[in-house]
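Chains as they are written, first to last, in numbering that gives the first Met the number 0: chain Z, 0 to 317; chain P, 0 to 794.
None of these hints come from the bench; they were simulated from the model.
A quick note: this is a predicted structure, and the numbers were derived from the prediction, not measured.
Mixed in with the good hints there might be a few duds.
A few chain Z residues that face chain P, going by a derived Cβ cut-off under 7 Å, partial list only [stated by the list, open to error]:
#, residue
1, F30
2, I38
3, T113
4, G114
5, V137
6, E141
In silico negatives: residues of chain Z with every beta carbon more than 12 Å from chain P [to be verified]:
#, residue
7, G77
8, P84
9, E185
10, K193
Quick list of in silico lysine to any residue cross-link-like pairs, SDA-like style, CA-CA up to 20 Å [said to hold, decoys possible]:
#, chain 1, residue 1, chain 2, residue 2
11, P, K587, Z, A81
12, Z, K21, Z, K103
13, P, K587, Z, V69
14, P, K302, P, E389
15, P, K587, Z, T76
16, Z, K21, Z, T76
17, P, K587, Z, V74
18, P, K229, P, L219
19, Z, K208, Z, R170
20, P, K15, P, F29
21, P, K385, Z, P36
22, P, K229, P, T300
23, P, K385, Z, G37
24, P, K196, P, D185
25, P, K724, Z, G143
26, P, K587, Z, R72
27, P, K385, Z, G143
28, P, K377, Z, L136
29, P, K587, Z, D92
Just so you know, even glycine gets a beta-carbon here, dropped at the ideal spot from N, CA and C.
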Amino acid sequence: MEIASAGVTRTADRTQLDPNVKGLIFDVMRFSLHDGPGIRTTVFLKGCPLGCWWCHNPEGLASEPEVVYVEERCVRTGECVAACPHHAITWHDGPFRDASICQKCGTCAAACPTGATQMIGRWVTVQQLMDELSRDLVFFDESGGGATFSGGEPLLQSQFLEAMLDACRARRIHTVVETCGVVARETLLRLSRKIDLFLYDVKLMDSKKHRTYTGAANGNILQNLRALARVHANIIVRMPVIPGINDDAENAEQLARFLKSSGISRLDLLPYHPSGGDKYGRLHRVYRLSGLKPPPSEQMQIMAERFQRDGLAVRVGG
Amino acid sequence: MNERVLHLRQQSLDAKPWVSIERAALLTEFYRSSKEPSVPVQRAEALKYLMGHKTIWIGDGELIVGERGPAPKGTPTFPEICCHSMDDFDVLDQREKISYRVDEEARKTQQEQVIPYWHGRSMRDLIFREMTPAWKDAYEAGMFTEFMEQRAPGHTALGDVIYRMGLVDLKAKIEQSLKRLDYCSDSEAYDKEQELKAMSIAADALIIFARRHAEKAEQLAESKSDPARKAELLKIADVCRRVPAHAPRDFWEALQAYWFVHLGVVTELNTWDSFSPGRLDQHLAPFYGKGLADGTLSPETAKELLECLWVKFNNQPAPPKVGVTAAESGTYTDFCNINNGGLKADGSDGVNDVTYLILDVVDEMHLLQPSSNIQLSKKSPDRFLKRALEIVREGWGQPSIFNADTVVEELMRQGKLLADARCGGTSGCVETGAFGKEAYILTGYFNLPKVLEITLNNGVDPRTEKRIGIETGDPRDFSSFDELRDAFRAQLHHFIEVKIRGNNVIERLYAEQLPAPFLSLLINDCIARGKDYNNGGPRYNSTYIMGVGPGSCTDSLAAIKWHVFDRGDIPMPELLEALSRNFEDHEKTRLLLWNKSPKYGNDDEYADSVLQWVFDAFYDDVNERPNTKGGQYRVNYLSTTCHVYFGSMTGATPDGRRAWEPLSDGISPVQGADRFGPTAVIKSAARMDHVKTGGTLLNQKFTPQLLEGEEGLDKLAHLVRSYFKLDGHHIQFNVVTAATLREAQANPEKYRDLIVRVAGYSDYFCDLTKALQDEIIARTEHAAFAPALTATQIS
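Between the sequences and the hints, there should be enough to build the whole structure, so can you do that?
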């Protein structure tokens with residue numbers, strides 16, 4: 000990729016050139032249709048300060064590369080055992096990887112003929128990622144789409160994210176950032192000037208419950224959102240609707256009040272979906288919502304109408 | 000749709016295709032006593048005999064009249080081209096898919112009259128007699144197919160001539176041409192005289208045919224007591240006395256004129272791709288406007304008439320095919336394709352009120368035939384595209400979407416006049432042509448992955464162990480990928496030469512033995528040149544060879560380059576051993592090839608540059624070679640159902656495909672190889688220089704969820720517009736779930752109405768062979784949220 004010229008600040012220019020500024024990402028999804036306007040490419044940055052029970056991207060939680068094993072794909076060639084330079088894998092009717100020996104070098108994943116063993120997470124420079132984003136420029140231009148940074152929590156890698164945002168600006172690529180709001184306020188506000196649209200998660204208004212289900216209190220999240228709304232005009236708040244956890248009237252009541260008082264008018268309600276559940280086992284994590292059913296669409300409709308009565312522009316699904 | 004259309008449509012759906020022996024019997028009768036001075040006149044007289052004697056059918060409630068057979072779905076045979084054996088009849092009657100009922104009378108006539116006269120005389124017999132052993136070897140190996148062995152050249156669409164002139168006017172033009180003949184200095188003057196006389200007789204044939212319909216309608220009117228139907232029948236008689244002898248004066252006459260002309264073309268010979276009205280919306284627009292203005296037409300009656308025409312198309316199944324031809328094109332669809340939108344001759348946007356009316360008709364009728372497409376230019380309004388996509392979203396595969404600007408560019412590149420290019424479009428599946436002015440003949444599919452298989456076996460076909468290619472060296476001795484490419488190119492050249500040698504003979508056989516004087520009347524400049532459609536009469540004459548399996552071929556070459564030459568993790572001897580054993584005891588190798596190789600369709604530079612090379616190799620060898628009609632050879636990329644047949648003739652391939660499985664279809668990626676969604680597929684497909692082709696076919700399958708709401712429609716529209724910005728020629732969408740298809744496979748009786756996009760056309764899913772059904776299920780489904788953990792990172 001040639002170096003972006005017009006409209007780049009000097010700092011950004013330097014950062015883009017600096018191959019030491021790297022981001023850890025776990026997926027780049029093209030033709031992403033539900034993370035902002037138009038046809039978009041969504042970059043998933045790895046690492047998240049929260050650990051929500053319903054998270055459907057658990058591979059985005061840890062801030063380091065991980066090796067996963069997808070048993071359904073394994074055809075038992077034993078290539079991984081032979082390939083591992085650290086002898087971390089032994090065969091017990093399937094590969095057993097000793098995490099204390101594993102260096103996460105990815106040799107086993109490269110050797111696996113089916114992709115049963117995979118590396119989740121790769122380090123990329125700004126330039127590498129811009130190359131990937133630039134592949135779909137024609138679709139962005141045609142549809143008014145662009146790049147969406149999701150995760151994990153993209154603001155956790157703020158230096159890399161900022162460099163990416165600068166590079167996108169230079170190329171006139173529309174940017175969306177999906178955040179959980181757990182970030183230093185100063186960073187959030189500084190980067191907000193470079194972000195075209197925020198998709199800002201608010202999960203629970205009750206701080207105690209928030210701590211239970213996400214691992215952290217929500218005070219900072221809500222205060223950040225209020226502060227952001229004062230300086231940024233394009234914010235869509237997103238609430239995942241998890242039956243029995245945050246679909247009660249009280250939570251809705253408080254959220255509506257908070258949004259109105261913050262001057263936020265757009266809300267997406269995202270019905271819980273269990274599709275991420277099977278990823279947990281592969282990551283040696285426990286999925287605590289097994290068996291939970293998605294909320295019926297009538298319930299989603301009733302909820303949407305409830306917020307609409309408060310003058311909010313609500314979409315189900317987002 | 001109203002009661003009348005509902006009834007006619009249902010009748011058409013309920014009728015089962017059957018072989019009508021009437022045409023074969025009449026033709027044989029004619030030929031036994033024919034004493035014409037020349038072949039063209041004999042052919043024209045034969046048509047006149049047929050049109051003067053065949054059964055006239057006017058069904059209850061019909062407004063547009065005329066059938067190719069004696070009744071709906073009655074399908075004639077063409078023994079002068081392909082004389083079916085009694086075994087062929089058994090196959091047609093009894094095969095599970097695409098069967099045609101053959102009754103006792105047909106059998107008896109075939110055995111006692113048709114076979115004794117035509118056996119050894121048919122074009123099919125002639126062709127197989129004239130082909131070289133090298134040609135037969137390659138043909139039998141599944142290296143290529145031959146379109147003209149059971150069906151005549153056609154592959155064209157009509158321009159605007161019949162809406163401006165009647166056949167009587169065309170006869171006057173013929174007289175002028177006859178007068179201009181210079182017998183002293185033009186050595187072909189007599190040939191031209193015979194051809195022109197033939198055209199004039201052929202015009203008479205259709206005038207007689209129309210008059211017989213008028214008479215029949217009048218007879219029926221007399222016997223009807225219902226005054227409304229009586230009036231309709233008298234109106235029909237009136238219309239049939241006017242057209243196609245004279246130019247149509249209104250919307251109804253315009254439609255009936257086209258339909259008679261259509262029947263003329265498909266009765267004269269069993270032309271490939273039936274016949275198409277071309278830019279129907281533009282041809283009809285003046286009649287529509289005039290009718291609305293003078294109060295003789297309403298949008299409702301216009302729609303009703305169009306729908307009556309649609310039923311007519313659906314009443315005509317493809318002529319019964321057997322053998323390889325049935326395998327390469329296994330469908331009742333005869334590939335008539337209606338164009339909508341596009342550009343006008345002056346370059347302005349061609350979308351008009353009739354365009355939207357036709358889209359409404361397509362939406363309501365939901366029929367296999369005629370196929371429909373939109374020609375989308377950068378000037379076309381978005382509402383036009385979105386109206387079409389609304390229909391696409393219903394999931395039965397129509398209409399398909401073409402890039403009108405690229406079509407114009409393709410035609411211009413071939414040296415056509417700007418106005419001719421703008422009045423052109425696409426017919427058949429995806430074939431570009433200058434409508435009303437060009438014979439663009441498809442001669443056969445060409446199996447690109449098979450070329451690689453022969454290359455890897457140093458000229459021998461491993462399926463039969465027969466040497467059918469040339470010796471290009473043992474690949475175990477190749478030290479670089481370049482050496483393999485050189486060998487591939489040499490084999491490719493060999494088989495192209497074998498194919499073209501055959502084509503050039505077949506072109507002459509048709510020119511001399513089976514001219515088409517009626518079709519010639521309709522295509523410029525046959526009358527002015529005094530030459531037949533099959534003999535260089537049209538203004539433009541192109542001959543196409545269709546590349547099949549560019550995806551499979553690319554992935555196979557890319558896998559060899561990657562594993563054998565770049566990485567060295569699969570040595571050539573091991574690869575060849577694995578292929579020869581169809582990966583038995585070599586599953587690990589197969590998995591590496593399948594999962595860990597660069598694949599076309601992923602916007603991957605490594606694989607896509609191989610695609611470009613394959614494209615150039617094929618193009619460079621074929622493009623601009625002269626044909627026998629003053630035109631050139633060209634390439635295009637479509638496969639109809641031939642990728643399944645070719646797959647069944649091709650052993651295991653280095654992309655990890657097992658022997659006998661289908662090849663990739665059209666220019667689509669190998670089924671399941673595209674793993675980064677439709678934008679990546681589109682970017683890869685656009686690496687091919689579509690402008691250098693006469694058409695490419697890209698299949699995309701979407702789950703309905705992806706396209707929900709206005710937003711889904713917008714995004715699909717953006718996807719199409721983006722592909723066309725990159726000069727993509729054509730894209731079509733299957734909007735179904737694999738689960739639905741599996742369900743349909745298990746319970747066909749519940750899914751008889753399920754229409755899917757197969758290639759350049761749609762078909763009833765349950766009519767497809769199991770292999771083809773499986774292949775369609777396997778085509779990648781693009782879900783909006785591919786789970787991150789299952790996306791395999793290659794390389």
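Do the hints match the structure? See the list:
no.: 1; hint: F30; in the structure: holds (4 Å)
no.: 2; hint: I38; in the structure: holds (6 Å)
no.: 3; hint: T113; in the structure: holds (5 Å)
no.: 4; hint: G114; in the structure: holds (4 Å)
no.: 5; hint: V137; in the structure: holds (5 Å)
no.: 6; hint: E141; in the structure: holds (4 Å)
no.: 7; hint: G77; in the structure: violated (10 Å)
no.: 8; hint: P84; in the structure: holds (16 Å)
no.: 9; hint: E185; in the structure: holds (31 Å)
no.: 10; hint: K193; in the structure: holds (25 Å)
no.: 11; hint: K587/P with A81/Z; in the structure: holds (14 Å)
no.: 12; hint: K21/Z with K103/Z; in the structure: holds (18 Å)
no.: 13; hint: K587/P with V69/Z; in the structure: holds (17 Å)
no.: 14; hint: K302/P with E389/P; in the structure: holds (19 Å)
no.: 15; hint: K587/P with T76/Z; in the structure: holds (7 Å)
no.: 16; hint: K21/Z with T76/Z; in the structure: violated (35 Å)
no.: 17; hint: K587/P with V74/Z; in the structure: holds (9 Å)
no.: 18; hint: K229/P with L219/P; in the structure: holds (8 Å)
no.: 19; hint: K208/Z with R170/Z; in the structure: violated (42 Å)
no.: 20; hint: K15/P with F29/P; in the structure: violated (29 Å)
no.: 21; hint: K385/P with P36/Z; in the structure: holds (18 Å)
no.: 22; hint: K229/P with T300/P; in the structure: holds (18 Å)
no.: 23; hint: K385/P with G37/Z; in the structure: holds (16 Å)
no.: 24; hint: K196/P with D185/P; in the structure: holds (17 Å)
no.: 25; hint: K724/P with G143/Z; in the structure: holds (15 Å)
no.: 26; hint: K587/P with R72/Z; in the structure: holds (13 Å)
no.: 27; hint: K385/P with G143/Z; in the structure: holds (17 Å)
no.: 28; hint: K377/P with L136/Z; in the structure: holds (18 Å)
no.: 29; hint: K587/P with D92/Z; in the structure: holds (18 Å)
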